[in-house]
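Engineer: If you want the building blocks of each chain, they are given just below.
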Amino acid sequence: MPVKSYIEAIREGMRDEMRRDERVIVMGEDVGVKGGVFKATDGLFTEFGEMRVIDTPLAESAIVGVAIGAAINGLRPIAEIQFQDFIMPAVDQIVSEAAKIRYRSNGDFGVPMVVRAPYGGGVHGALYHSQSMEAMFCHIPGLKVVVPSTPYDAKGLLRSAIRDPDPVLYFEHKRAYRLIKGEVPEEEFTVPLGRAATVREGDDIAIFSYGLMTRFCVEAADAIAADGFDCAVVDLRTLRPLDLEAIVGAARRCGKVLVVQEANLAVSVASEVAAIVAEECFEYLDAPVMRLGGPEIPAVPFSPPLEEFYMLNPAKIETRLRELAAY
Amino acid sequence: MPVKSYIEAIREGMRDEMRRDERVIVMGEDVGVKGGVFKATDGLFTEFGEMRVIDTPLAESAIVGVAIGAAINGLRPIAEIQFQDFIMPAVDQIVSEAAKIRYRSNGDFGVPMVVRAPYGGGVHGALYHSQSMEAMFCHIPGLKVVVPSTPYDAKGLLRSAIRDPDPVLYFEHKRAYRLIKGEVPEEEFTVPLGRAATVREGDDIAIFSYGLMTRFCVEAADAIAADGFDCAVVDLRTLRPLDLEAIVGAARRCGKVLVVQEANLAVSVASEVAAIVAEECFEYLDAPVMRLGGPEIPAVPFSPPLEEFYMLNPAKIETRLRELAAY
Amino acid sequence: MAVAKTSRAPETGLDADAMRAMYRHMVRARVLDERLWVLNRQGRAPFVISCQGHEAAQVGIAMALRPGYDWVAPYYRDLAVTLVLGMTPLDHLLATLARAGDPNSGSRQMPAHYGCRRLNIITGGSAVATQVLHACGAALAAKVRGEDAVALTALGEGSTSEGDFHEGLNFAAVHSLPLICVVENNGFAISVPWAKQSHTKDAADRAKGYGMPGVVVDGGDPIACYAAARDAVERARRGKGPTLIEAKVARLTPHSSDDDDRLYKRREVLADEKAHDCLLRFRTALEERSVLAPGDAEEIRAEAMREVDKALDEAEAAPLPAPESALLNVYAED
Amino acid sequence: MAVAKTSRAPETGLDADAMRAMYRHMVRARVLDERLWVLNRQGRAPFVISCQGHEAAQVGIAMALRPGYDWVAPYYRDLAVTLVLGMTPLDHLLATLARAGDPNSGSRQMPAHYGCRRLNIITGGSAVATQVLHACGAALAAKVRGEDAVALTALGEGSTSEGDFHEGLNFAAVHSLPLICVVENNGFAISVPWAKQSHTKDAADRAKGYGMPGVVVDGGDPIACYAAARDAVERARRGKGPTLIEAKVARLTPHSSDDDDRLYKRREVLADEKAHDCLLRFRTALEERSVLAPGDAEEIRAEAMREVDKALDEAEAAPLPAPESALLNVYAED
Ligand SMILES: Cc1ncc(C[n+]2csc(CCOP(=O)(O)OP(=O)(O)O)c2C)c(N)n1
Ligand SMILES: Cc1ncc(C[n+]2csc(CCOP(=O)(O)OP(=O)(O)O)c2C)c(N)n1
Ligand SMILES: [Mg+2]
Ligand SMILES: [Mg+2]
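Chains as they are written, first to last, in the working numbering: chain S, 1 to 327; chain D, 1 to 327; chain Y, 1 to 334; chain V, 1 to 334.
Bear in mind the hints are in silico, worked out from the structure with no lab data behind them. Even for Gly, the Cβ is constructed at its ideal location relative to N, Cα and C. Be aware that a few hints might be false.
Unchecked claim - Chain Y side only, calculated, beta carbon under 10 Å to chain D, not exhaustive:
{"hint": "1", "residue": "D91"}
{"hint": "2", "residue": "A95"}
{"hint": "3", "residue": "S107"}
{"hint": "4", "residue": "G125"}
{"hint": "5", "residue": "G156"}
{"hint": "6", "residue": "G158"}
{"hint": "7", "residue": "T253"}
{"hint": "8", "residue": "H255"}
Claimed, not checked - Label-pair distances were calculated between CB atoms; the ranges are:
{"hint": "9", "chain 1": "D", "residue 1": "M51", "chain 2": "Y", "residue 2": "A271", "range": "24 to 34 Å"}
{"hint": "10", "chain 1": "D", "residue 1": "R20", "chain 2": "V", "residue 2": "R44", "range": "50 to 60 Å"}
{"hint": "11", "chain 1": "Y", "residue 1": "E11", "chain 2": "V", "residue 2": "P193", "range": "47 to 57 Å"}
{"hint": "12", "chain 1": "Y", "residue 1": "R262", "chain 2": "D", "residue 2": "R20", "range": "25 to 35 Å"}
Only chain S is shown next, with the shape it has when bound in the complex (with noise of 0.2 Å):
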């Protein structure tokens, strides 16, 4: 099977649903000519047009809405925010409209768009070319969260994507998109949304992570599987909805648990995986549920001493899951 790194998965992804269905269109700032500030779009504006590779003016709630709009009359646009940072302006389209819109009409309308944004830090990006923002939207019914960690998730999670019929975002982090490297097979194929992946197996601990920390994980978990621990790493893939099941089933299988995120902690994913493992394997922990994950601090910052303290690490994680060993 070809290696493509995590981005060209991402760029494959689009290509070939574009290729397969023509109410595929990409819009965003600087997709066109320039294929996206990290390339996702190259050569896309060639293959398929200006009236299907859409360069649209600096306006992320109109890029968001107007691709809400073009859903609802036929196509599967696919909005790219060229950070996700910058999505914020798109917030309201986002969380009032593209995720009620099927509620609101009682299911007459439907919303099947993908936003796409680069998120994570350790690419001296500072407080806003950085942030790690996908608690916020997982808390919105209505919307579908997607976050790959390997080239193949990558490709696989954004077909199906595309395919569905509901709002999916879909946040790839920038630093993997050129450190992480997977074999992708040629034939077409889809990974589910809503079902996590166990990246690797183990009986003592379960770790839960997503996205580039995931990675992270199974680095940390192999430090520590010389001393005769073995971690279980799962990979949440989808934020929102959560696998309940893949969650209760390992959290109950190890007794003990580490929810592993970049995003700081308070309300976010690792907020909820614990409260479910809190509520659904009380009787079958070990020790508390520990969480690992950004500082409280509004962003990563980006002189580089500042950014290696916020940045999580295999090394940090494997601390993490000592004590955690330890308990």
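Please build the complex by placing chains D, Y and V with the ligands on the supplied structure of chain S, with the hints as guidance.
Structural biologist: Leaving out everything else, chains D, Y and V with the ligands in the frame of chain S:
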């Protein structure tokens, strides 16, 4: 002590602070001559004039963004968002700007601003006049989030919020406006931000809640008290930052925990409280940490049977308490 | 009835039948709207928001569209627009009485949150101005597929202050979308007058910032509104891009059943607006042109009353939704 | 040096000293900006975004302000604005090298996110156009207190498509705020040309939608820019409300150090812009007017180089922030 309604307390909180500090201004849609759609600002225009009670254009991002700039230049704006549902267009200004200005300027600039907004259902307000959207903001470092449940707290917390050097979101339950009455001293007083209040003592179950639901929790706790179950009810009051000490203290003392909120549960304040309890109180727990909240649907529907289905009430809380008591 | 030469609106080519249909739609909307207030005052309808004073503009403009082919993203006052497109008093009474069969939203939304799949009326929420972008998107989709359908959206003048209005009109102008944006300017956004909403004379002046035509039209004259909309629709169908139409209208009621307008709107202003009620004006004009014969107007009103009476009976007999149905249609159900 | 009559810019009353100061600021900004690119190419600065081609507009406009009294909400290209107001190359080199002492943000933000409490330069984030509202708020506060301070904000032409631009200008016009909004139109928003950003000829046309003056000015001519800004500032101080100034400028670099503009910008366009580089133009003009004597320009440049060299040494010797200091200043510390 005089008895006031919840909305009177809020109005007087603004009025008293405006008398005390001429930097305090009020701005928003219809806050002037009309005195607000709920009459929260009634009389302020007459007393303080159009320079300090400003009818803004219909544009929420501007209401908050202009308030930010005014706060930076020395005023103490109270920005009213007509319904919390309509805060969404201002999310970028709240989350990307207000919350991060102190941090990004390394402490040089601050945003002493209050954003007031009525939230909550039970008033036939349907999808867009009933939401409880606090969770999204409780995730955000740099913000403070306050939800009072009594007229006393409403006034005292609002005065603290206005005096606070940082941005405070102050959410008022619109059904509480006239439903909830209580004693409010004539003399000046404040209620500190960041402190929960035990509004009912008890050792069997710790109930954590906020806003109108606090009142329903007390009613439910009273109802099961007859059967010998003694519930503590802790009114969280400030949702960011949460009062960890109060939460952990009550949870450890009781060993059983129910978190109650009007909002849907996924990635919410209840998730965070449950996660804190699961992490900090493991050895004290006698039962799963339970959460009770709105269903996972986009918002409160209009038709009475649907609205009743959505909304919590003392009976629904009581049922859950009995489950937990029986565990 | 012989149609005299004067009975054809010369600039538009509208014949007498069309003008009578216009008047009939205006009356239907008014009669229905008045009934909603009665229901509200009787405690049977918790919320009403009116089209009264906007009927001429709404009917004139909507008649320039191809129902079910063109796309419409209306706002909460656009009752008459929906009637012209083919929705019925029954549809809206079901919504007002919160019945399961309400085609707008299954009574999940407050009344006046219009939507109808069959008629391409895009479901609207309560947040003002968001629909402008949805209409742009619908227009974009039509353009991408090479259809000549247009999209029409409407909003109040106060709502033009929102960012989404700006972003939508700018997008439509840049991409030359077949969009017609109608601003129904009734002078107030709840209590806030136009002078506190914009420093321009007209809402149509906003169009200048987007390089698109901005047309001011007398919203009390349905024929003038029809003409303006028809021109804009033709322009849009020919691929010439969007148009902003401002219809100067009157809000003859308080903002909604929750509002008391005496606080902020002088009674003389209201009295003057009522004296120029578009229904009266159009009736007089049609009678002068002999498009309406003596007695026609009364008969049209009586007919509308019968339609609304019947619809109300039917709506009252219709069931409320089942409580657990609240859980349905969050996501597509497979 | 005797100041000849021609050496006074007649429309502005600027004397030769002022014009030399202008030129000096432009050169300082250019020399500093060029040095930032060198640092970037050397791998010592991860990110650079330039003012090159905008200096004349920025310097001319900023010189119409009272530093530390008026309020400024600049954007990431406004390096020269900050220098005129009193920030220094050292300040910005500390930011570029991510040193603790960076007065903009303590190196928490990327370089070019300007802010300075002492000089009333409001801290900016990365989200474009949000600062327009902050400037409105600062202007409102001045008005409420009855001061005659003004607020100036700047943004790129692409950023005028954002809702916040609309909401801010509309608010300022309605409330007659002392606001000057400068659009630095360099023709591109990263790769997106003006024609895909707006269907208007000029960005200044946007002002028409708000009923405020919109002025187009040659952004390559600092004196013209000064004159336009001075008029707008005077208007604002007299309580006459906001002005939009569009300065037509050139972006002589790629969007940022992460961009490759060859994909979307024709080389002839860039060559032409470089041939009309505002620094060359102003130098020539000043030499023709004998405001600059032969050799002056070289000396000014050399002086700027020395200033930047010295600042760079100092910045490099300055410490990085302590890791745990990342936790500070989330809320006010008591
Ligand atoms: C985003 C948003 N903010 C506030 C409101 C509350 N609100 C409902 S209608 C209205 C006034 C609208 O005025 P205008 O646009 O002139 O329309 P009109 O009602 O006069 O027809 C306001 C402020 C809302 N629905 N949405
Ligand atoms: C809200 C937001 N969306 C997107 C971006 C990414 N971005 C940064 S600069 C830029 C282009 C700005 O163009 P323009 O306003 O013309 O300013 P210029 O850089 O040309 O001076 C974009 C899209 C951003 N910073 N903020
Ligand atoms: Mg109006
Ligand atoms: Mg530009």
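Engineer: Can you give the numbers of the hints that this structure goes against, from lowest to highest?
Structural biologist: Going through the list in order, the structure violates hints 1, 7, 11 and respects the others.
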